[in-house]
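First to last, the protein sequences are chains H and L. So the first sequence is numbered by the numbering used here: it starts at 1 and just counts up by one. So the second sequence is numbered by the numbering used here: it starts at 360 and just counts up by one.
A couple of the hints might just be wrong.
Computed footprint of chain L on chain H; a stretch qualifies when at least three of its residues, placed anywhere within it, have a C-beta under 8 Å from a C-beta of chain L [unchecked claim]:
no., segment
1, 77 to 87
2, 97 to 106
3, 142 to 154
Everything labelled a hint here was simulated from the structure, so no lab data went into it. Remember, it's a predicted structure, so these values are computed and weren't measured experimentally. From the three backbone atoms N, C-alpha and C, an ideal C-beta is built for every residue, glycine too.
Here's the letter readout for the chains.
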Amino acid sequence: MTLSFQLTHRFPTTTIDVAFEVPEPGVTVLFGPSGAGKSTAIAVAAGLLRPDRCRVAVNGTVLADTDAGRWLPPERRRVGLVFQDSRLFPHMTVATNLRFGLRRAPPGPVRFDDVVDLLGIGALLERRPHTLSGGERQRVAIGRALLAQPHLLLMDEPLASLDTARKAEILPYLTRLKTTLNLPILYVTHAFDEVARLADSLVLLEAGKVIACGPLSEVAARADLPLAGRDDAGALLLCEVVAHDTQRELTRLESSGTRFWVPLLDQPIGASCRIRIPAREVILAGRAPELISVQNVIPATVRRIAEATRRHSVLVEIALPGGALLSRVTSDAIARLGLVPGASVLALVKSTSIEVLGI
Amino acid sequence: MLTRCRFPGRSLLNALVHLPLVVPPVVTGWFLLIVFGIRGPAGSLLLDWFGVRLVFTTAGASLACAVMTFPVMVRSIRLSLDAVDRGLEQAARTLGAGWLDRFWNVTLPLASPGVLVGGIVGYATCLGEFGAVITFAANIPGQTQTLPLAIYSALQAPGGETKAAELSLVAIALALVGLLLSEWVGRRLNAMLGR
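Using the sequences and the hints given, assemble the complete structure.
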């Protein structure tokens, strides 16, 4: 399973030059400010925009390769696309909308009833699109794209036009979708909470260029990227529930060898989840403190120290076996602890500061 | 074709289609007479091959009406096709619909209220057609006489005012029925489209 994407296109005012390859697709999020080239990338992947040069391949199926003269038009590409403004056909019922792609696609693994169940749209089938709420409309649009039996699902800011409540309503469906279907998803957004919840791989775009690309936990915790300049900067780690301590009301999570205690979770042992540890919540210490409320004292090494752009603070990137933590401290603290790249340090994280983001 | 395709001579075709709208109807009728007359290039072929004569016949009157009506209908259908959200066509494309499939199942249904209005306007233009018909198909009662022609004839004859009034009433009734029908169907279509 690989998704490889390469695109060069010159617009009158900007040039987009984007290339990335993700080995285990899952959900690949293209993240960046508007004008970074995210939507251009989606349009090219769908075949709606023919760029100067591009190559798009999913699991060895080449959808487009301009150098080899190959260009599948959108109708023959079998790439599902979910637009920001759902674009349901107003003259059809929800059921007819859902079947639009299904009827035109060769038989495939995605079944009508499964999709209806997965997205919880069984009660809407006879309704017309204009009677649906924004969230419902978007769920139907996702179902319609899935039923066209795509090789690749593209989502162009699918939650951007929804308010926070509607967003919260859809996100669980998206996480379910991702775990249920074995389908590579390319997801465009400029909202970081969606990245935190959904991404497996993260591609950071800025001004038409890729500035970083890799697994979520690696990219999110790099101190040298613009992501680290955000107020909500922090590490994102994929974890597994390994034990519950009901007496102490704690749950132990493990992320490639690093263990974290968090307040008791309502998840079975073995369940996977993702956690977010904000940089401003991570304390650094040179020696293990005694008698302290902090539950997680993690020995690690400093990998990178980067000047933060704001608030006279410094971001310290701390290497863990399978990822990294970020800590925002003052430059005075750096001097007092004598921190340099390669130095050993203890990272202290309160259990209550760890945000568990569901499965 | 005029809305969605870009091809050489598109503007010329566009101009040709719209010509009857801007030149006096009598000119259109005279032009038809030249082309479709018994000795005209198209008319003589039709007569020799199919034995069809258009000049001064009902079929001729229909042709004259059609030529006059066409630009009006083209305009309104074109406007409604232009108004269809291209995004929906793109969506249909990514779902595997080819261009003919898209046209029949997405574009045309969405443009249907406008196409209907085009039809009604065409019907009204047809009802009122005078100049092109009288030039090309003459004014033969029961064969090539349109309503305005009949009213005109009635007014020419002494004591024809009553007949003219009756015919005018018929014209009003027909127009009214057409308008009400279009209103009703238009409302149904728009409700279907969720507007």
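Verification of the supplied hints:
1. Interface restraint, the segment 77 to 87 of chain H with chain L: holds (8 residues with C-beta to C-beta distance below 8 Å; minimum three).
2. With a cut-off of 8 Å between beta carbons, the segment 97 to 106 of chain H has 4 residues touching chain L; three or more are needed, and the interface restraint holds.
3. Only residues whose C-beta sits within less than 8 Å of a C-beta in chain L count toward coverage, and the segment 142 to 154 of chain H has 3 of them, enough to reach three; the restraint holds.
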